[in-house]
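Each chain, written out:
Protein chains: 4
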Amino acid sequence: MSITVDDIIIGGGSFVIIGGPCAVENREQFLSAARYVKESGANILRGSAYKPRTSPYSFQGIEEEGLKYIYEAKMETGLPTICEVLDANLIEKTAKYVDILQIGARNMQNFPLLRAVGKSGKPVILKRGIAATIDEWLNAAEYIRSEGNYNVILCERGIRTYETSTRNTLDISAVPVIKSRSDMPIIVDPSHAAGVREYVAPLSKAAVAAGADGLMIEVHPNPEKALSDGHQSLNPHEFKTLCSDIKKLANFMGFGLA
Amino acid sequence: MSITVDDIIIGGGSFVIIGGPCAVENREQFLSAARYVKESGANILRGSAYKPRTSPYSFQGIEEEGLKYIYEAKMETGLPTICEVLDANLIEKTAKYVDILQIGARNMQNFPLLRAVGKSGKPVILKRGIAATIDEWLNAAEYIRSEGNYNVILCERGIRTYETSTRNTLDISAVPVIKSRSDMPIIVDPSHAAGVREYVAPLSKAAVAAGADGLMIEVHPNPEKALSDGHQSLNPHEFKTLCSDIKKLANFMGFGLA
Amino acid sequence: MSITVDDIIIGGGSFVIIGGPCAVENREQFLSAARYVKESGANILRGSAYKPRTSPYSFQGIEEEGLKYIYEAKMETGLPTICEVLDANLIEKTAKYVDILQIGARNMQNFPLLRAVGKSGKPVILKRGIAATIDEWLNAAEYIRSEGNYNVILCERGIRTYETSTRNTLDISAVPVIKSRSDMPIIVDPSHAAGVREYVAPLSKAAVAAGADGLMIEVHPNPEKALSDGHQSLNPHEFKTLCSDIKKLANFMGFGLA
Amino acid sequence: MSITVDDIIIGGGSFVIIGGPCAVENREQFLSAARYVKESGANILRGSAYKPRTSPYSFQGIEEEGLKYIYEAKMETGLPTICEVLDANLIEKTAKYVDILQIGARNMQNFPLLRAVGKSGKPVILKRGIAATIDEWLNAAEYIRSEGNYNVILCERGIRTYETSTRNTLDISAVPVIKSRSDMPIIVDPSHAAGVREYVAPLSKAAVAAGADGLMIEVHPNPEKALSDGHQSLNPHEFKTLCSDIKKLANFMGFGLA
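Residue numbers (numbering that gives the first Met the number 0), protein chains in the order written: chain G, 0 to 257; chain A, 0 to 257; chain C, 0 to 257; chain U, 0 to 257.
Source of the hints: derived by calculation from the structure; they are not laboratory data.
Mixed in with the good hints there might be a few duds.
A pair counts as met if it fits within one copy or between any two copies, since identical chains are not told apart.
Mimicking EDC-like on lysine to aspartate or glutamate, the simulated pairs with C-alpha atoms at most 20 Å apart in a straight line are [claimed, not checked]: (1) K239 <-> D134; (2) K178 <-> E197; (3) K178 <-> E237; (4) K247 <-> E223; (5) K239 <-> D5.
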């Protein structure tokens with residue numbers, strides 16, 4: 000099964016690269032990131048205007064202002080866009096500005112939100128919960144699909160284990176497990192899984208080789224100054240090199256490019 | 000710090016027992032359960048009208064009808080009541096019928112919902128997420144408190160580990176850890192932690208001895224016929240015996256009774 | 000089923016307290032600890048002469064010299080003694096000096112060692128492996144029992160999870176699970192589970208209330224100067240107070256004292 | 000750093016494939032497996048004569064008889080060989096028959112055994128413990144190296160998590176983490192990680208792409224009749240196809256072949 004957004008195909012034998020910063024911080028930062036993503040040959044632009052943060056006192060996103068910059072970036076680069084939604088009440092507004100709605104790991108079992116994005120009809124990226132089983136994840140997708148919305152893309156982003164060398168433990172096996180149980184596309188987010196910049200490239204390549212349909216990678220114009228997740232973001236040069244390597248590997252593995 | 004609901008005190012040296020079925024299934028089942036809870040000497044009545052379920056095709060609760068039965072049970076027994084809320088849009092309605100709002104494990108980091116129960120001013124039971132660290136849990140509580148609502152009760156209900164003999168692994172250490180880091184009351188839910196009826200009594204006693212401020216225990220008039228969680232629910236006789244044992248132990252440990 | 004060592008009964012309705020330092024460091028430290036253990040009313044003395052340490056460059060124990068101090072302490076105080084064995088070749092020697100052999104968590108599936116302590120006929124404390132399921136633990140005990148040695152005491156000492164507030168997560172549910180599946184006595188080691196001194200007392204009480212047959216608690220004459228595990232050791236005063244509290248609670252719970 | 004066994008180089012830019020059955024079951028089974036391994040172009044032959052099993056009543060290996068068949072297979076095929084050692088007392092005998100000693104996951108912190116294989120001077124494959132951190136694993140390797148034996152190959156074989164779709168969770172991130180902290184070669188065992196035959200190929204490819212130095216894959220002449228681990232063993236045809244694919248991918252990734 001494949002999902003088409005503008006002229007980009009996700010799943011069904013094509014390989015997609017999604018890039019962008021964790022958060023939309025301001026107009027300059029986001030448009031700059033968007034240009035790097037485009038120039039690197041990635042296919043879709045990510046960036047969140049609303050950030051779910053562990054503490055209520057951390058940076059929470061620039062909200063509607065951010066949605067406007069996402070839209071402006073799409074207009075300039077032509078790239079389809081992704082933004083996380085935290086609240087069913089904001090789906091309608093978000094859907095006006097962006098192409099794909101993301102459900103974050105913390106909301107994987109926020110069932111009213113799943114039903115609401117289901118009703119929206121928009122393509123949805125459903126991140127795996129931090130300690131969700133694959134069965135629970137597929138059932139969460141079913142909440143969206145049961146509303147008639149089959150445009151669901153699963154995203155493995157690491158699970159919580161005892162190991163502390165990485166932020167989470169990338170469950171690379173989830174790729175073949177999902178392939179054997181479902182026809183939904185599955186992509187991998189190596190940035191949140193690793194939490195460490197230098198591990199992003201090898202994990203990206205592992206995901207391609209395991210058969211994932213795409214990657215979502217954090218890139219920031221200036222990771223050292225990022226308001227969130229800077230330590231796991233690539234800089235533009237690293238991202239461009241990695242995109243090139245990934246495309247060659249995906250091609251070798253028999254994927255078409257999105 | 001203690002929280003007072005009607006004439007029941009939670010925290011501050013008194014010990015509270017919360018009982019009731021997982022879900023409000025129908026009028027007869029819930030009123031029957033409520034009478035058993037009252038008769039057993041427990042202090043607060045629980046029951047959910049909205050059920051978050053892994054699959055969209057499982058029983059999801061009887062919704063507003065259930066709220067009315069909860070209210071009726073309070074009127075009859077005089078017990079304060081608890082009901083889970085899944086959706087910020089339902090808080091106002093739920094708050095009309097019940098005394099304490101519960102945030103379930105799956106919603107521990109549903110930040111808009113946390114803010115909304117914070118704004119409601121109602122007492123809140125905040126269950127620990129299934130793989131939440133204690134730091135994340137305290138930060139989730141802070142989302143509620145940052146809205147000016149300090150009536151937050153933490154509830155340890157087991158964490159996800161590799162062990163399969165129990166549904167979850169009760170993290171009994173969370174009791175002293177919370178006591179050392181916070182002044183919020185902490186209660187324990189041995190029913191969801193164990194997932195097995197016969198382990199509920201020993202875990203309940205362990206919680207009292209570890210210093211918890213209360214217990215939330217599932218009891219059903221007829222566990223074999225329960226629509227959810229029957230295998231972990233006590234029957235009325237077992238519940239009554241356990242309440243008696245808990246009160247003696249809590250008294251021995253120096254607690255007053257709520 | 001109960002196990003008798005000298006005149007101490009483990010299991011079968013009596014409650015036993017085992018105390019002592021992590022390691023035998025020198026004669027003065029260990030004899031001093033032994034006197035405190037005796038004076039506090041505990042029943043069995045622990046101390047290891049051989050220490051399994053993560054790094055080969057950490058303190059590894061004082062070996063045979065330590066065994067002699069354990070024996071001397073037994074002669075002086077009359078307390079039965081426990082020492083860990085790491086190597087089948089040292090069982091015969093260790094068995095001359097001490098009463099109970101301990102298999103540590105790292106060796107729970109060291110099958111030749113299990114068979115060897117089985118053949119020795121000595122009472123054995125079998126600690127649960129750091130990520131062992133209860134089924135694996137019972138099977139490990141079976142390696143000892145299959146050699147004809149039924150004097151096996153299980154010891155829950157915390158399992159590895161994602162939570163970092165404690166060194167390990169005490170799986171208090173293991174107590175009722177073992178009780179339902181086996182007739183072997185089960186004790187709890189709150190010191191290694193918590194890894195933090197202030198949590199040892201509440202976890203000890205939880206273990207009594209959950210139905211454990213005993214406790215193994217670290218106490219050191221001067222925890223600040225301990226060569227290993229000082230942060231989780233009680234000082235003599237704390238230990239004496241805790242022993243007194245535990246005995247009262249065990250008596251309340253219906254245990255006889257060992 | 001690389002390790003040379005006969006004319007096979009492990010690490011240092013060459014890629015090695017190790018194949019063979021879980022256990023040496025009998026002469027015919029093992030020689031048959033060895034011929035398939037050779038014919039498929041793999042580089043090293045594995046097979047264990049002593050099996051560590053959860054239950055004392057399960058098949059435990061054919062012991063010395065198995066060592067002789069391993070030696071016979073080496074003589075016939077010319078392949079270097081690997082066999083697990085469980086007991087320091089058997090190292091000398093095992094070392095006469097096989098080229099590389101394996102320390103299994105359960106013995107990763109069996110420190111006397113680590114020191115003993117260190118003293119043997121033989122190349123050692125050190126499997127990661129089922130819940131060992133990477134730090135503990137590197138420290139375990141240091142026990143071997145501290146005896147002057149630097150011929151240590153690390154083997155990632157999956158860690159224990161809550162997920163049950165796979166036998167263990169392959170921690171693919173361990174590959175780049177080890178590469179950043181150590182110069183020891185690291186190989187991956189996808190068979191024990193997955194526990195399911197159909198996931199072995201995608202996980203093998205992921206390991207190559209992540210930068211591992213080799214793979215250890217279970218193959219059995221007749222997996223349905225295997226005495227252990229049959230469900231995760233490839234049949235000879237699957238193994239041959241996978242070896243071919245792996246070599247192409249390793250070549251694409253810039254590895255030389257061992």
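Exercise for review: Kindly indicate which numbered hints from before are broken by the structure, ordering the numbers from low to high.
Suggested key: Violated hints (numbers, rising): 1, 4, 5; every other hint is consistent with the structure.
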